[in-house]
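Assemble chain B onto chain A, guided by the hints.
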Amino acid sequence: MASRQNQLFHDFAMNRLRPPGAVDEQRFMALCIRCNRCMEVCPYNSIKRAGLGSTIGTPYVFAETKACYLCMACCRLCPTGALDKDLKVPAKVSMGKARIEPSICYSHLFLEHDVIPDESLEKIGALCNTCYNVCPLQEKAITLRDNLYPVILEGCVGCGICVERCPTRPRRAINVFPTGMGRVDEAGFYFRKARTHFDVSQTKEPADSQKALGGESLLEQKFRIDSSGKPPEFKFPYEKPQIKGDWD
Amino acid sequence: MYLPYRRTTQFLVFCLMFVVPILNIYEIYVITGTFYAINFGGLGVADPSVILQAIFAAGELSVPLMASVIFPLFLAILLGRFWCGWLCPYLFVSEGIDWLRSKVGLRLLKKTPQSCNGFKGAFKANISRFSFLLAGTALAGAIGIPVLNYINAPAIMSTEAMIIVKERTVSVEFVFVLTLLGIQLVIFPKIWCRAFCPTGSVISLFRTRFTMRVDSKSRNPSVPCCREESCVSVCPMALEPFRECGNLLCVNCGKCIDSCKHGRLEFSGFEHFKKGARN
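Protein chains in written order, with this note's numbering: chain A, 1 to 248; chain B, 1 to 279.
So that you can see chain A by itself, here it is in the shape it has in the complex:
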């Protein structure tokens, strides 16, 4: 349908995820009938109802307050297929991807500076690695590089438990980006517009003045230089200034 192309109703935010098994955002918005059955069966109260806005009434997992614990109870209850019924394995969920910010992650800071630049001067656990310890898919989704600092792997399903437990405040050192966020075909109107402008400027032919300095055209110009015969006469397009001799 024509609605496939409609991008006005896309609304992604960091650490705000669809329940596990959600189909892509556009189909989800069409199929979700706001029955809130997923909310009711969630044993951890992870799934919350979206407030005022274009997505009002649809389910979200707000990873910062309560993450998804991948019990997969909501998927099989969805009456319209907005959540994939056949999904039963937590490892196959794709709610998003986590990303560590090294500039505020305690482990990364400790490795770089040997201290934590904390104003309260309290010694907080230097190698915290909480995200590694709480991850339900250890070694698939996250690993400890050199047994020292956490690194996200391809298997991350975006459940957000690491975000919930990350000790840094106010910003979390680890964040989950929901699936679909940053995808060009699903991104916002202005992002796509800017992207097309960027693509056009990349593929555009460089200007002639820059072209003259390279390759064949440079050789051609050099061959034209000829010392035999008369020097070419220049006609200045302006009146020649008369040089006076009393400079020295």
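Everything labelled a hint here was simulated from the structure, so no lab data went into it. Be a bit skeptical, because a hint or two may be false.
Stated by the list, open to error - Derived DSS-like pairs: lysine-lysine, alpha-carbon spacing no greater than 25 Å straight-line:
1) A:Lys140 with A:Lys97
2) B:Lys217 with A:Lys48
3) B:Lys166 with A:Lys66
4) B:Lys261 with B:Lys217
5) A:Lys235 with A:Lys193
6) A:Lys66 with A:Lys140
As the list claims (entries may be wrong) - Taking beta-carbon pairs under 8 Å as the criterion, some of the chain A residues facing chain B (in silico):
7) Leu31
8) Pro43
9) Ile104
10) Arg165
Built from N, CA and C at the ideal position, the CB exists for glycine as well.
Structure of chain B alone, referenced to chain A:
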């Protein structure tokens, strides 16, 4: 006498809205969902208008979508707008509002109940609600979002009940229901069910020869058969049952049947089914 039975079922359904989330808190998942879509054991039941929206918004027909409307449409074909008249929590509250209006509002507004119905006449009301459904469905298809779900009053009520039980708060949509009830109390009585409700519109479309309906036995149905017009004054849909008893607006509540002193109104439709079976 249908009224006590009807009030009982309405009250039970009204309580069900609150009981389901309480059961779910104790991790009993026999009944889950709201009146957008509810699940009894394994039987999935969804509001047909909601599913219609989803079909147009997603642009696809899938098995779970179709399966969930089988039971409500079966009920509609058998018993007409049984959901509206006997189960819908909105009509239950709406009738309470009408009662309140008859006690308090009329004296303040100095109007008779029939004089201030929005969309006078059943035909106008039908046109209004069907065009509302059509426009909403078209909009859902155009923008890819089931828009009529945002204003589905009974479903919003059950959602709010769940939010009240689970989170001890209400959401923004509660204001919508309150506004609607306020409008019904002060300006237009019965406006939502008569002139807008998309669920009722879809349900009333599924009517066959043997669907249950109210039938009039009076000899000349075009004129009122008694002076009191008792059936007209009780109808929650503001119909004139002596002549419009089989109208698509009728919710089969049976109030007019109870009120008719001469017993000229009765439920019918089943006998056509029997005749069809014999032939």
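Results of checking the hints against the structure:
{"no.": "1", "hint": "A:Lys140 with A:Lys97", "verdict": "13 Å, holds"}
{"no.": "2", "hint": "B:Lys217 with A:Lys48", "verdict": "54 Å, violated"}
{"no.": "3", "hint": "B:Lys166 with A:Lys66", "verdict": "15 Å, holds"}
{"no.": "4", "hint": "B:Lys261 with B:Lys217", "verdict": "13 Å, holds"}
{"no.": "5", "hint": "A:Lys235 with A:Lys193", "verdict": "48 Å, violated"}
{"no.": "6", "hint": "A:Lys66 with A:Lys140", "verdict": "22 Å, holds"}
{"no.": "7", "hint": "Leu31", "verdict": "5 Å, holds"}
{"no.": "8", "hint": "Pro43", "verdict": "6 Å, holds"}
{"no.": "9", "hint": "Ile104", "verdict": "32 Å, violated"}
{"no.": "10", "hint": "Arg165", "verdict": "23 Å, violated"}
Consistency note: the structure conflicts with the earlier hints numbered 2, 5, 9 and 10.
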